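**Q** Using the sequences and the hints, build the whole thing.
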Amino acid sequence: MHPNYRLEWSRFQENMTTEFLERQADLVKKYKGAHQFIMHDHPGAFRNDIDERAIAQFIDYPGMNIYHYDQDKSDGLRISLFGSFARSLKPGNYLVPETNAASIGWNSADQLPPYDGQLRLNFYSHIGSGANLISYWHWHSLHTGIEQYWRGILPHDLKPGRIYNEVSRIGNERARVGKELVNLTKRNKVAILYSIDSQNGLIQQRFDNNMEGFVNGPYESGNDSYLKIINRFYKALYDLNIEADFVFPDGKNFEKYDMIIVPPLYIASDKLLQQLNQYVLNGGHLILNFKSGFADENSKIRDQVMPGALSEICGFTYNEFSSLRDRIPLKGDPFQVGDKNFVEQWAEFIVPTTAKTLAAYDHPFFGKYAAITRNEAGKGVVTYFGTVVSLEILKKVLRNSLDELKLIGADQNLPEKLKVKHAFDASGKAVHFYYNFSDNIMEFKYPYKTGKSIIDNTMVEKNGLIQFDPWDVMIIKEE
Amino acid sequence: MHPNYRLEWSRFQENMTTEFLERQADLVKKYKGAHQFIMHDHPGAFRNDIDERAIAQFIDYPGMNIYHYDQDKSDGLRISLFGSFARSLKPGNYLVPETNAASIGWNSADQLPPYDGQLRLNFYSHIGSGANLISYWHWHSLHTGIEQYWRGILPHDLKPGRIYNEVSRIGNERARVGKELVNLTKRNKVAILYSIDSQNGLIQQRFDNNMEGFVNGPYESGNDSYLKIINRFYKALYDLNIEADFVFPDGKNFEKYDMIIVPPLYIASDKLLQQLNQYVLNGGHLILNFKSGFADENSKIRDQVMPGALSEICGFTYNEFSSLRDRIPLKGDPFQVGDKNFVEQWAEFIVPTTAKTLAAYDHPFFGKYAAITRNEAGKGVVTYFGTVVSLEILKKVLRNSLDELKLIGADQNLPEKLKVKHAFDASGKAVHFYYNFSDNIMEFKYPYKTGKSIIDNTMVEKNGLIQFDPWDVMIIKEE
Amino acid sequence: MHPNYRLEWSRFQENMTTEFLERQADLVKKYKGAHQFIMHDHPGAFRNDIDERAIAQFIDYPGMNIYHYDQDKSDGLRISLFGSFARSLKPGNYLVPETNAASIGWNSADQLPPYDGQLRLNFYSHIGSGANLISYWHWHSLHTGIEQYWRGILPHDLKPGRIYNEVSRIGNERARVGKELVNLTKRNKVAILYSIDSQNGLIQQRFDNNMEGFVNGPYESGNDSYLKIINRFYKALYDLNIEADFVFPDGKNFEKYDMIIVPPLYIASDKLLQQLNQYVLNGGHLILNFKSGFADENSKIRDQVMPGALSEICGFTYNEFSSLRDRIPLKGDPFQVGDKNFVEQWAEFIVPTTAKTLAAYDHPFFGKYAAITRNEAGKGVVTYFGTVVSLEILKKVLRNSLDELKLIGADQNLPEKLKVKHAFDASGKAVHFYYNFSDNIMEFKYPYKTGKSIIDNTMVEKNGLIQFDPWDVMIIKEE
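Going down the list, the protein sequences come from chains W, Y and S. Here the first sequence is numbered in my numbering, starting from 946 and rising by one per residue. Here the second sequence is numbered in my numbering, starting from 946 and rising by one per residue. Here the third sequence is numbered in my numbering, starting from 946 and rising by one per residue.
Derived from the structure by calculation, the hints contain no laboratory data. Just to be clear, a hint being listed does not mean it is correct.
When chains are identical, the list treats them as one kind, so a pair holds in a single copy or across two.
[Stated by the list, open to error] Below, simulated BS3-like cross-link-like pairs (lysine-lysine); rule was C-alpha separation at most 30 Å, straight line:
#1 K1018 to K1313
#2 K1340 to K1018
#3 K1104 to K1301
#4 K1035 to K1124
#5 K1104 to K1245
#6 K1285 to K1018
#7 K1324 to K1180
#8 K974 to K1245
#9 K1131 to K1018
#10 K1390 to K1216
#11 K1313 to K1362
#12 K1197 to K974
#13 K1104 to K1313
#14 K1180 to K1134
#15 K1276 to K1301
#16 K1104 to K1216
#17 K1197 to K1324
Please read these numbers as outputs of a predicted model, since none were measured by experiment.
**A** This is the structure in C-alpha cells:
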C-alpha cells in the first residue's frame, strides 16, 4: 500500500480513539467529585494504533496493564519497560490496574504460574518504577468463558492456596510500609525518544529481515522492526542497571536529560530535527540510529543528502545503504566482544566529514564506510549507529558514553541478575530498591548512605554487606 | 470463542449427522431383504465432528476406511488402531470398505506403493483385528479426475502387474482359508476410554505446545492434543503386543476389562466419574491422565478441589498446574530409561494424601509435587499421570501394571517388529496371528498349544521354532 | 480441483491475454511508422499464466524485465536464463526494458545495491546473450509511493553518485563500441524444451515434496516442480559454460540442435511425442526426464504402458512409480561424486528392454529398477532420468553426452566463476565474452583465433594469457 497514505491512515485511527476518550473524560470531569480521578486502562505499551501520549494529557493517571513472564523468564524487564513508558506519558506516577495473579492465557496451553516469591518480587518491581497501585486480574479463577485459564488469586476451587498466601503477605507488608512508597519520583538522566509515527512508518518500510528481537513479555510478536530497537536499547540499559524515561516527538523536556537515545527516527518533522540539533548544540549527548531523519512527517523520503538536517551534528553524509544478508564483523573487534563482534541487517554507506569512526565493517565492499561514528558538535556529542550492532557491542558503546557523562557507578558492577532502582519519596529522601531475579542466594555491598531497610525495619550501613534470598527484595531509604 | 458454547455446538454438529443417518437407516430397513445388511462407511476413526459410537447403534456393521503408510513406515499400527476402534463401536466384527491397493494421494507428490509382500501382510493384519471384509480402492487407476493418483489394483495401463499379482495371491488364499477367519472374536483385557467430548473440549483448551505426536498414518494432522495421547497409549500397547478395545462415556462394559486407560477425560459428567469410581472400587485397574474430571459436561470447570470426584480413588489433590516450557527429568531416573527420562508439556501440582508417589520432578520448584502416583482404593488401583511422560517411561509404567494383572507373557518378549494378535473362531478355538513388519528374516519360538498353520496347512508344535520371511505372516489355529 | 478442467482453464487464461495483446498490436501496426517497432514488456520469464511464445509471434521484439541478485549472489545466471528464453521466443534479439539500477524491492527490507563493477558486468552479460537494449528502472529514486525503495540511478538526494558514475562509464563505452555488439546472433547446439502446459499440469500433479530448488533470482518462489527442473538443467549447463536456446511444443527447429533437453513433459500431444521420436531417429540426442509422455493434452493419463509413445526410443517400460521419502544412493557411485551420489523425490520402476542401465538404485526394493538409462534408436540416442539426480550427477551425465557430441572444449575447463558466451556479429565474425563473477583476480588462456579486445582496442593472441580484475569483462572479436 502507498506508504504516505498509510501513515496518514494510522494517524486517523489514533485520533479516532483519542477524540472519543477525550469526550468521555470531559463528561466525567463535569460530574466527578474532587476526591475522584480519571484513569485510562491501557492494555499494554507502544501500541501502534493508540496515541498513548495524547490520551495521557486529559486524564489524571495513565493505567498500564503489565502482564509479564514468570518462572525461569522472570526478570522484571517488562515491568520496568512498561513502567518507564507509563510514568513518562504524563510525568508523575501511574497505576497498574491489571497484572499476573497466577498463570495467564486465553487457553490452557501456556500456563506458567509464578515460582514461590516471584509474585512479591514483581509487586515491588512495579513500585520501584513509580506505580501507585498494583491490582491483580483477578480475584478468583473463572469457571466458564474465554478467560477460564486466566487464573486468579483463588484457584477454581475457590480455596485460599499458595497464590493467596503470597498476595496476603504482600498486602500485609503494604499496609505497614505502603505510605513510604507512594508518589515516588525519579531523577533519571537518560531518556529514549519514542515516535509512534516512526513505528508506523517502519512497519511498512522495515529495515530488517526477521532479525531476532528481544521479546520482553507475553503477547508480543517481536516482529516489529522499530520496537525491536526500542526493546534492544532498553534491555541494554536494564542490563547496565541504568533507569530511563521516555520522551516524545513534541520535544518536551529534552533539556532535562544528559543523554537521549533515538531509535530509528524514520518519520520526523523539520521542527523535531531542529530540536535534536539544539539539544546537541546545548551540550546533550545524542545516541542516534540509522534511518533517522530519512522521511518527513508524510513518510516522503527527503531529497537531501542524508542524514539531512542531522548531517551537521552527525558529521557525515551517506546516499546509499544496503541490507546485510549475513552478519559482518567490525574491523579489529574494537569493543573486545569476541564472538559477539558482529553487526547485521542494515548498513548505511557513511562517509565522515568531521565525525570520528568508532568502528568500520570488516568487508571488501562495505569496509570503506563507517559503521559507528562519534561527532562533537557545539557543546554536545552525537554517537551514531549506521547498522544494528550486537547487544554486547551496544552495551559497550553505551557504557563508554555513560562513563563520559559520569553516569557509571556501583550499580553497574552488581551481579547480572541483581537489579536496582532508585527513587525519591515525598520528602526528597532517596529510596534504593534491590531485586534478586534468580533462584540463588546473592551478596552485595550497599554503596549508598546509611539507611533503613523499610520492610524489616533494620538499619543498613553504607558499605554494609547484604545477603539476599532467591526472588527476594530489599528496599533501603536513606536517613 | 466461548468454550462452553463451542462444546455444545460440536455436539449439535454431531447430532445433525447422527439423525440424518438414522433416518436413512430406518428407510433402508423397511425395504431391505433379510440377507442384506446396513453398513456406514467411515472415512477414518476418531472424527471430532461425527459421533461414530452413536451411529453404530442403528446399523449392522461399522465400515472403516483404513488408509495407512507403506514402504519403510509399514508397521500395522493404523490398521490395528482403527480396527480396534471399529470393532468396539458395536461389539462384533467390522468391514473395511476401502484400503490401500497401491500408492494413494490426491496428487502425484506422495506416491508410496507397498514393497513386495506388504499388501498381503496388511490384509491379514485387518483380519487379525476382526475385519470381515477387506476391499480395495479401487479396481483400476483412473485416467482423469481428482483421484488420478489414488492408484488401483491395475495401473493406468490396465494390465495386470505387480499389485494385481499380490492381490491375486491374497484372493486365492482367502478362497481356501477365509471361512476359518471370519467372525473372529476378541477377549481383550485392556480397554481405552474414548470421549469425543473430551477431544472437542481439548481442541479449545489444549494442554500442549506443539508436542511431537505419534502420527499413525497419512492424512492425520497430529496436532490434536487429545488424539496425541490416544495414539501414544495405543502405540505403547502395540509395542508391547497388548491388544485393546475401546470403551465409551456411556460406561458400558467397563467391568469386562482388567485395565481401563483414560486419556485426559477433560469433559465428564458426574455419572461417568461415579462409574469410574465404581470400576476401581470393584477391583479394576484405572490408568488415569491429567486434566481428567476437570470440567463438567458443559466444559464448565468444576469448583472442587481437583481431581474432584476422582480425588478419593486417586489419593491426592491439586489446585494448581503449569505448562512445562522444557522437558524435566524425573528424580533418580526411576524407570531406568536413560536419555528418555523426561516428562513434558504439563504438570499438575499433586499433593498425595493416600497415594504413593511413583515419580517426582527433578526441579527446584516442581520437585515438591508428584508426577506419577499409585493408589489402592477398594479392591482396585489407580495409576495417575499428572504429566506427559516419554514413550519409554509410559511403556515401563504400563508394563508394571500389566504385570500385576498377570497380563505379561511370551508375546511381550517377541522381537520389536514381530507383532502378534489373538482371536477365537466361531467354535471357540484360539487363533494366533504373527506378522513380520520388517525386511529381515525373523525367528521365534511358538509358545501356545500345538496348532495348524492354516495358510500352508502344516502343524506347529508348542515351543516349535518358527522362521519368518520379510513382510510374511503366519496364522496358527489351536487344535 | 479436477486436473483436466484446470489445465483447460489455464489455457483459457493464457488465451485471454494473448488475444487482447494481439488486438492491441493490430491497432498499433495500422498507425505506426516504418521506423517504429512493437515490443511487449514481460515482467519475467516462464510465467504459467502468460503464453510468451504465442505473444512473440505478432510483435517485433520480446521485451524481458530481468531483475537479478547482486552482491555475493551476483553470478549472471538469471540474466542468461531469461535472456536465452527471450531470445528463443522469436528467434533474433530481445530488449531489456527494465533491470536493476541499484537496490530493488517494494520495501526497505531487502536492499542490495551492486558492488563496484557489478552493474557494468551485468550490462555486458545481457549483451552477450543477445540483448539489443538495456534500460534501467529507473532514472531517480522516488520519494513517495510503493516504489520508494526500488532505487534508481540517482539516489533520493538526486545527486550523481556511485551508481551514476558506473552507468556513465557504461554509457561512454556503449557510445564507442555499441555498434559492434548489436544484432548479435547465436549458434547454440543445445536446446531445452519448455512446455507451459507441462508447467501447469505439474503445478497440480507435482512430483516432489519441497525439494530444494535452484532459485535463480529474486521474486521467485522456487516451489514449482517443473521450473525447478528447468532451473536445475540450465544451472548445470551454465556451470559447464554451455549456452542453450529454448524450443517449444510446436516442434519448430528441433533439427537445428545436437541435443534437446526435455524437462518432465507431463502434458504432450501425440504429435509432439511423434516429433521427439523423429528427432531421435534422425540422429538427435534427447535428454528425457521422468513423467514425460504420461498425460495427453487434456491432462488425461494415458492408458498405455509407460512411457507410451516414447517407449520404443527409450528402450524400456514402466507401470509403477514411487515418491522417494529419503535420498537414495546410486549403486557403486557410478559418477564418482562422493557425498553427492544421491537421487531423490521420484522413482519410476523402469525395466529396460533395449536400453542400457547407466545407474541403478542402491536399495532392497528399488534396486531392481533402472534409475538412468541410455538407448540408441535409429541414428540417435535417448538418455533418460527416471528420478531427480543431484546437480553433480546431472553435470557428469550431461558432460558425458556433450562429449560424445564433441561439444566439450576449452570453455569447460575455465575456473568456476569465469563465464564465457559466444556470438556472431552482423558480418559473421565470432565474438567471445568473458566475465569474472568473483571478487578475485583471475587468469586464463584465450583459446580462440587472434582477435581484438573491443573495449580497450588491443589485440589478443590465440593462447595469450589474460588477466582479469574482479567483476570485470573482456570482449574479443576475431579478426
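**Q** Hints first: check each against the structure and report whether it holds.
**A** Hints versus structure:
Taking the shortest Cα distances, K1018 and K1313 sit within 30 Å of each other only across copies (20 Å), while inside one copy they are farther apart (41 Å). Taking identical chains as interchangeable, the C-alpha atoms of K1340 and K1018 lie at most 30 Å apart only when both belong to the same chain, with a minimum of 21 Å there against 33 Å between chains. In this assembly of identical chains, K1104 and K1301 lie within 30 Å of each other by CA distance solely across copies; the values are 25 Å between and 65 Å within a copy. When the C-alpha separation of K1035 and K1124 is checked against a cutoff of 30 Å, the pair qualifies only within one copy, where the shortest distance is 22 Å, while the shortest distance between copies is 71 Å.
For the homomeric pair K1104 and K1245, the shortest alpha-carbon distance between copies (18 Å) is at most 30 Å, but the shortest distance inside one copy (60 Å) is not. Both within a single protomer and between protomers do K1285 and K1018 lie at most 30 Å apart by alpha-carbon distance, with minima of 22 Å and 25 Å respectively. Taking identical chains as interchangeable, the C-alpha atoms of K1324 and K1180 lie at most 30 Å apart only when both belong to the same chain, with a minimum of 28 Å there against 59 Å between chains. Taking CA atoms no more than 30 Å apart as the test, K974 paired with K1245 passes in neither setting, with 40 Å inside one copy and 41 Å between copies.
Proximity of K1131 to K1018 under the C-alpha cut-off of 30 Å is restricted to the intra-copy arrangement: shortest distance 27 Å within a copy versus 52 Å between copies. For the homomeric pair K1390 and K1216, neither the shortest alpha-carbon distance inside one copy (47 Å) nor that between copies (63 Å) is at most 30 Å. In this homomeric assembly, K1313 and K1362 come within 30 Å of each other (Cα to Cα) only across copies, at 25 Å, whereas the closest approach inside a single copy is 40 Å. Within a single copy, K1197 and K974 get their C-alpha atoms as close as 26 Å, which meets the 30 Å cut-off; across copies the closest is 66 Å, which misses it.
With identical chains, the CA atoms of K1104 and K1313 are at most 30 Å apart between copies only, with a shortest distance of 20 Å across copies and 68 Å within one. Within a single copy, K1180 and K1134 get their C-alpha atoms as close as 17 Å, which meets the 30 Å cut-off; across copies the closest is 59 Å, which misses it. For the identical chains of this complex, K1276 and K1301 are intra-copy neighbours only, at 15 Å inside a copy versus 58 Å across copies, given an alpha-carbon limit of 30 Å. Taking the shortest alpha-carbon separations for K1104 and K1216, only the inter-copy value of 25 Å comes in at or below 30 Å, while the best intra-copy value is 59 Å.
Proximity of K1197 to K1324 under the C-alpha cut-off of 30 Å is restricted to the intra-copy arrangement: shortest distance 20 Å within a copy versus 77 Å between copies.
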